[in-house]
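Under this note's numbering, the residues of the sequence shown are numbered 2 to 117, in order.
FYI, nobody ran anything at the bench for these hints, they're computed from the structure.
Hints are supplied without guarantee of correctness; some may be wrong.
[Said to hold, decoys possible] Derived CB-CB ranges, DEER-like: (1) His87 <-> Trp28: 19 to 27 Å; (2) Leu72 <-> Arg111: 18 to 26 Å; (3) His87 <-> Asp50: 37 to 45 Å.
Beta carbons are placed, not taken as given, at the ideal position from N, Cα and C, and that holds for glycine.
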Amino acid sequence: MLATIGKALATAVFIVILAEVAKRSTWLAAAMVALPLATMLTVGFIYWDTKDAVLANRFAMSTFLLVFPGLCFFLVLPLVQRFGAHFWLAFGIAALTTFAAAAAATMIYRKLGVEL
2 MLATIGKALA
12 TAVFIVILAE
22 VAKRSTWLAA
32 AMVALPLATM
42 LTVGFIYWDT
52 KDAVLANRFA
62 MSTFLLVFPG
72 LCFFLVLPLV
82 QRFGAHFWLA
92 FGIAALTTFA
102 AAAAATMIYR
112 KLGVEL
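Could you put the whole structure together from the sequences, leaning on the hints where they help?
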């Protein structure tokens, strides 16, 4: 339980630091987010908890394969706002579109025999 609380605190600290950096430099915050730090931490935590390198590697590969559909968020958010939508509406539409793209990609990967 203590390890779970530690992971949650480390994750929260990371997000807070990113938000504070973004107030001063959107470029630096974007560069920090573009690095797969959260994925790296998650892969490390999976291995730490399970000692299962196969599971950790499977998570890393699944993340890689879902990066491309995840990019929909960054395209849809400004596009929907350009049509006059309020930020939070555009955010919601972008999030839903991203989930739909990830689900579609997952179905395509499965048809190709790739398990995520």
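Cross-check of the supplied hints:
1. His87 <-> Trp28: 19 to 27 Å: holds (26 Å)
2. Leu72 <-> Arg111: 18 to 26 Å: holds (20 Å)
3. His87 <-> Asp50: 37 to 45 Å: Holds, since histidine 87 and aspartate 50 (Cβ atoms, about 41 Å apart) stay within the stated range.
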